[in-house]
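> Whenever a hint applies, use it, and build me the whole structure from the sequences.
There are 8 protein chains.
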Amino acid sequence: RRCGFPEVVYGEGKTVEAIAAVFDEQHARGEPAMATRVSPEQAEALLPLLSGATYNQVARILRRESHPGRPRVGKVAVVSAGSSDLPIAEEARETLDWMGVAVTMVHDVGVAGPHRLPERLAEFEDADAVVVVAGMEGALPSVVGGYLACPVVGVPTSVGYGANFQGLSALLSMLNSCASNVTVVNIDAGFKGGYVAGLIATRAAAGTEGRRDA
Amino acid sequence: RRCGFPEVVYGEGKTVEAIAAVFDEQHARGEPAMATRVSPEQAEALLPLLSGATYNQVARILRRESHPGRPRVGKVAVVSAGSSDLPIAEEARETLDWMGVAVTMVHDVGVAGPHRLPERLAEFEDADAVVVVAGMEGALPSVVGGYLACPVVGVPTSVGYGANFQGLSALLSMLNSCASNVTVVNIDAGFKGGYVAGLIATRAAAGTEGRRDA
Amino acid sequence: RRCGFPEVVYGEGKTVEAIAAVFDEQHARGEPAMATRVSPEQAEALLPLLSGATYNQVARILRRESHPGRPRVGKVAVVSAGSSDLPIAEEARETLDWMGVAVTMVHDVGVAGPHRLPERLAEFEDADAVVVVAGMEGALPSVVGGYLACPVVGVPTSVGYGANFQGLSALLSMLNSCASNVTVVNIDAGFKGGYVAGLIATRAAAGTEGRRDA
Amino acid sequence: RRCGFPEVVYGEGKTVEAIAAVFDEQHARGEPAMATRVSPEQAEALLPLLSGATYNQVARILRRESHPGRPRVGKVAVVSAGSSDLPIAEEARETLDWMGVAVTMVHDVGVAGPHRLPERLAEFEDADAVVVVAGMEGALPSVVGGYLACPVVGVPTSVGYGANFQGLSALLSMLNSCASNVTVVNIDAGFKGGYVAGLIATRAAAGTEGRRDA
Amino acid sequence: RRCGFPEVVYGEGKTVEAIAAVFDEQHARGEPAMATRVSPEQAEALLPLLSGATYNQVARILRRESHPGRPRVGKVAVVSAGSSDLPIAEEARETLDWMGVAVTMVHDVGVAGPHRLPERLAEFEDADAVVVVAGMEGALPSVVGGYLACPVVGVPTSVGYGANFQGLSALLSMLNSCASNVTVVNIDAGFKGGYVAGLIATRAAAGTEGRRDA
Amino acid sequence: RRCGFPEVVYGEGKTVEAIAAVFDEQHARGEPAMATRVSPEQAEALLPLLSGATYNQVARILRRESHPGRPRVGKVAVVSAGSSDLPIAEEARETLDWMGVAVTMVHDVGVAGPHRLPERLAEFEDADAVVVVAGMEGALPSVVGGYLACPVVGVPTSVGYGANFQGLSALLSMLNSCASNVTVVNIDAGFKGGYVAGLIATRAAAGTEGRRDA
Amino acid sequence: RRCGFPEVVYGEGKTVEAIAAVFDEQHARGEPAMATRVSPEQAEALLPLLSGATYNQVARILRRESHPGRPRVGKVAVVSAGSSDLPIAEEARETLDWMGVAVTMVHDVGVAGPHRLPERLAEFEDADAVVVVAGMEGALPSVVGGYLACPVVGVPTSVGYGANFQGLSALLSMLNSCASNVTVVNIDAGFKGGYVAGLIATRAAAGTEGRRDA
Amino acid sequence: RRCGFPEVVYGEGKTVEAIAAVFDEQHARGEPAMATRVSPEQAEALLPLLSGATYNQVARILRRESHPGRPRVGKVAVVSAGSSDLPIAEEARETLDWMGVAVTMVHDVGVAGPHRLPERLAEFEDADAVVVVAGMEGALPSVVGGYLACPVVGVPTSVGYGANFQGLSALLSMLNSCASNVTVVNIDAGFKGGYVAGLIATRAAAGTEGRRDA
Ligand SMILES: Nc1ncnc2c1ncn2[C@@H]1O[C@H](COP(=O)(O)O)[C@@H](O)[C@H]1O
Ligand SMILES: Nc1ncnc2c1ncn2[C@@H]1O[C@H](COP(=O)(O)O)[C@@H](O)[C@H]1O
Ligand SMILES: Nc1ncnc2c1ncn2[C@@H]1O[C@H](COP(=O)(O)O)[C@@H](O)[C@H]1O
Ligand SMILES: Nc1ncnc2c1ncn2[C@@H]1O[C@H](COP(=O)(O)O)[C@@H](O)[C@H]1O
Ligand SMILES: [Mg+2]
Ligand SMILES: [Mg+2]
Ligand SMILES: [Mg+2]
Ligand SMILES: [Mg+2]
Ligand SMILES: [Mg+2]
Ligand SMILES: [Mg+2]
Ligand SMILES: [Mg+2]
Ligand SMILES: [Mg+2]
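Protein chains in written order, with my numbering: chain A, 11 to 224; chain B, 11 to 224; chain C, 11 to 224; chain D, 11 to 224; chain E, 11 to 224; chain F, 11 to 224; chain G, 11 to 224; chain H, 11 to 224.
Don't read these hints as lab results, they were simulated from the structure. Heads up, the beta-carbon is just placed ideally off N, CA and C, and yes, glycines get one too. Among the clues, some could well be false.
[Stated by the list, open to error] Taking beta-carbon pairs under 7 Å as the criterion, some of the chain A residues facing chain B (in silico):
no., residue
1, P161
2, L185
3, S190
4, N191
5, T193
6, V194
7, N196
8, K202
9, Y205
10, L209
11, I210
12, R213
This is the structure in structure tokens:
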């Protein structure tokens, strides 16, 4: 279907055989394959089996391109608050790259250093959507949502301690954002944040009015 | 800014004077005005002051068009689970209408009557985005997200009792949706759900690639 | 007592001697024996001691039949949402098999793939009861409860991450199900889900009116 | 379908017209009608419109029989802990009566008076299923489940104060019951508790083996 | 004691007589008196009894100066996010004024309008302490704490709805602030926020080294 | 003071030296010594240093008597629900024994086997106080409190899984007990439960009226 | 039974007839009667019906003595933190008085005024048990438990606002008390706190050793 | 900026290279460097690289002075309740020492030993601010806040078990403190508690009036 993407494997606890089987089926259908939450041990066993596959250890993502080098469609920024949020930001970035979307990464611009974000706005103010990854107080999506008019997908992370309650603090912050353009996905759900932003960007890039009327 | 919309008034607890003042300023700038969470009492006092304004009592929204009759841009479906979810669905619909987006309403297709949704899919399978409004177990966004490839914005409602905990049940369900295309806004946040879907749809309708390259 | 079953051992943390003792007593009384939450280590030590016992490592259940090969009574379906829910579904299945109930397994029919469940309904629409095992948003019992009129026992699992809160999300979903025929047991309680469904099915198979009047 | 019952109206917040319309449709189809959570004010307006309808103010249920006087099928006991649990117990009883199931009521046998329950066991030990309604510590289903072998449906109530947290205490107790035959429905969900027990009893009374094999 | 202030009356639920008695005692000792959470009804009854007392209805504070017109000591800014946070901000301001501290008010500079705060920083960048009052996502203390080096006292408010959970969202945000200079008081605790900031400012204004060494 | 006992060491994470030092001081003062939450590793290192000390590995308690063989004073029963509650029951028993109180142990009489408790009541119906240790639904203190008139100290344990939430379920049950004579201590606080029951029993045994009037 | 007291009526929501009936039965048996949570409206209707009954409006307790003027047995102190805790403290006091126990009241000695409690210790250091009533941070039982060796029954109250969460804060504090002699009852459970302290005191006053050995 | 301090490294999960780089930059600028939550393994690798750096294993802090031996400014007391709170108290102390503030340590003065704190008050009653570190019931800040007039920064710790819920109990206690001079930081946030107290003390020591007027 229009703008549909093949199903992504959730690698956590899956056997090497199970993951390889899905990759092989999708390869046979000419589709790109991707698995998230893949451990280094799983990857080490899978890479020799799947020619052309690559593994990003920070993002814990294993991918195989169907059409390497195809042109990028749409533009998404992945903005993160602190350096501990990097793995989740990388998970979002890999997902978007797999979808064929152009990505701009903007790291370490959390609200406690309020000068840092405005200095970098020019890099992504024309994005079709922004993924904002933040733990602790989770305030960054509101600020990004205040600067830009496009949809912002907040990804709360479990980074923090104490009254953070494994990401609850950032999750509640983002759900209560006073910026109207902020939606939220699950705690540490970098894949989902990237995926929805990619859906928005590919639609924005393509335009639909013409086609629907045609 | 591109696809920006004027600020919307959160009417809860505001004085009639404060709301009228914002409407008048926006009118002077040729902008459409909108206030949410407006009580019938507030509306009764405001309508005589604001010529051309209309009030939807179910949605609790007061609006004034800037360019009545302008053509619709993009397409969003607002899908709701049960009849008690209607006020929140209406809040989303009014918001989208105010943004100039074409809206399809699909009511009372909750998961406990699983035949109802598929019968109505044809009405909105070409939507740019879908707003799904559901209380109690909040399962509907996952099902819609399973049928369609476009972005789905889940709006949990506080409809229910007991272990519903004022909407917590539906909120957690939607955050944990196993459909990759589902994002979530706050409990009872019909405005936000509609607003983000409207941002996605207006972008999808316009297309951005051309302009960015130009 | 009518339709009573011997007590089942909760194996977690029990010594090999304690478990073997119960199995031997029940054997002496001509009763079938079963222990749940038995680790592979416990099983390895117990199997040589208990002739005729079998161990299902996925379900973590150790059993010994009293009357192997007796005919099946009643019919229960065990329906599960995703592949990570399998161990809990297996725990339910083993329990039902131990009770002498016929079981139909239906795997991987979660709501995000809404075409999958209806394709398989014919396999179990005549069941006396259905056990539905689901994690993440826990929406499957509502959908099954919408398709079928018989009692549905929802078993929420702790499968998921982030705002899943170790199964709380699925638990609340099932408790708030808008399908009237859904009841719920504890998170990951595959044994209990299977047991109650088995009680319902054995009663349905036997009929009680005649006996009570007699 | 076999053992199916017509849909029940959830009356909370519905208009008199909406409720009357459903009752009239069901009447035209020869079906019994029932609405739960109907306020005295709603009932007062509805009774003159619906000939043959009756209202139970404690249970807040409005009903109309399709075949008054038909024989009872199956047997269910509704057991409650304290006198404040009565409205929920009545909601269960009315539901069962509407389903045509014979009901035995056993009130005020909570665990803090441990002599009371055993004295009354003889009244319902042959029941096909038992609905147990309890607030505060919610311990009664475990005790009933210990005495009897049949399925027990626990209905936690919001009766209590302080660390009761509107029924959370009783809900958690029942979910953690160490009796294997206890399942649970939502807090204050007397309708659901009665409905599921009624489904179990009607199946038990009818028997299924014969029919399935035929 | 050094920098000690007389005890403040918590007016909620107190009788007029009880409050008047404390004010009269403190008057007799030449101390300023203050009561918080005083309703308009209580104030109406108290004002005729207490000559020189004044009532601020927004802050719900009743006060009587001991030395009207004394010079201000120290400087505190009270910064608030949205207009609904005003009553709590006023409670903080009245408290500081009663302590004899100079106060700068900065309203409606919440993070979703990220340009507003920097425009107003010059008004309070020399403050000895800042009280930041914010509801919803409660992100403002982190931003203020990022711009300024002085102690910031965050006062979360219960402003919001849904997943705000009566202020829990803002409270957790502030506790998890990644700005090192942010501490937190109870939800809606404008008095406490102002009081602690006042203690800091009066100490900062006085200096302690000299005195301690002396 | 009357009925006072020397301070008990909370062993968790303490060094061997620190624990030995307290034992030696108390020995020098002729006092009995006790440490709770002592690991087998700590005990192994401590026993050679502390002549006359004994270690109970189930209870994780290390003790040294001051006057071995002194007569028992008062009577307390420690009643537990299931075999997994044993370590906490043992912690209570050791504490009482250290206080010089006579203890009766009654194990495995949980509510799901409701015949078991009454069969054993005669063993402890003359106790001065009863400690009731239970996990899962935590219903046992209410039942014991219903049978007996003396003070009952409920000790919720973290035994269970899923919606047990590490003992929250049993804790809430006990706090909401409808038996008037039940008080509660922290989850897994066998020491505290035993200690308070011991204080009650030693007072009951001694009598106070005479002394106070004297 | 020894030290047993007749059942106390929980008046909340009961009819005047129901309460009067219990009082009359107990009167006929020569027992003292008591009802808690009785509203002024209920009391006004009941007092003319029950000669010799008295009503304490602060405690919301209605009582009738069986043997007015009998001598007091044992000694309990009821200690409260702030003036808003008074109704719960009164509920405890009335309960103790009804049990025939001598009571000492010590009000307004909360921990934020740490000089106040020690000044009053002499009034109750010979008590058989102390009931400590406190809201907000609920710290007072720990301090009382630190000063005295006798059993302390903590009664958390719902006094407070914001992160007090209707008494949760005080409840958790008391459960986590580092004083070994502190047990806890439900939030606002003045009756239960008083009742258990009364059981302890009557046993302490009577002594049991003699009788048991006899 | 005035009274500003260089950014402190949060060491958790950072690479040795990343930490060393920051220390070197700050050294080059003549600034003191500090990293918190540094494991012994990280420290062992870093110490040889950073001449002049020291590591406090209890506090888990790595520091390098810029101007060793400079005079102390201001005075802060760090007061802790139990011996398990020591690591957090040490984290606060190291932070203050790094800021150049004079620190007084007062250990093991928890509320269950209420005589201990008053005996030691003279050591710190002239402090500019007090950091109070406490787990379990978290009552100590209220008591310290009752004795002293200066700002008190409460640091709840996760010390405890059961209904402590990893520090939630102490956190809520401190937020609900009835002492007006108590503010709160995150659970186990010794660094933040020390930092804010240091900011208060350096301002108190310097005085601001003169400078601002100048
Ligand atoms: N990291 C992730 N978080 C949430 N959902 C995921 C993730 N990775 C894959 N999925 C979804 O999980 C489903 C596949 O689950 P499975 O069949 O267990 O592999 C697909 O719907 C994916 O979109
Ligand atoms: N008290 C109740 N609690 C839960 N579900 C109910 C209740 N009463 C009716 N229902 C269910 O609610 C649905 C009807 O909802 P509605 O269309 O809003 O009237 C049906 O599925 C009923 O089985
Ligand atoms: N709004 C408030 N929030 C928290 N504490 C307050 C408030 N107003 C007064 N207080 C404190 O409450 C105490 C007085 O309580 P009370 O004796 O009940 O009037 C004093 O310690 C005050 O500092
Ligand atoms: N298992 C336990 N649970 C709760 N409190 C305990 C326990 N063991 C000892 N205590 C108390 O902890 C305090 C001693 O703590 P510490 O000084 O850290 O050894 C004393 O007040 C003891 O009564
Ligand atoms: Mg950073
Ligand atoms: Mg419906
Ligand atoms: Mg799947
Ligand atoms: Mg009763
Ligand atoms: Mg605003
Ligand atoms: Mg057992
Ligand atoms: Mg007071
Ligand atoms: Mg100690």
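> With reference to the structure, classify each hint as holding or not holding.
Structure-based check of all given hints:
{"no.": "1", "hint": "P161", "result": "5 Å, holds"}
{"no.": "2", "hint": "L185", "result": "5 Å, holds"}
{"no.": "3", "hint": "S190", "result": "5 Å, holds"}
{"no.": "4", "hint": "N191", "result": "6 Å, holds"}
{"no.": "5", "hint": "T193", "result": "4 Å, holds"}
{"no.": "6", "hint": "V194", "result": "5 Å, holds"}
{"no.": "7", "hint": "N196", "result": "5 Å, holds"}
{"no.": "8", "hint": "K202", "result": "6 Å, holds"}
{"no.": "9", "hint": "Y205", "result": "5 Å, holds"}
{"no.": "10", "hint": "L209", "result": "5 Å, holds"}
{"no.": "11", "hint": "I210", "result": "5 Å, holds"}
{"no.": "12", "hint": "R213", "result": "4 Å, holds"}
The structure fails none of the hints (numbered hints given earlier).
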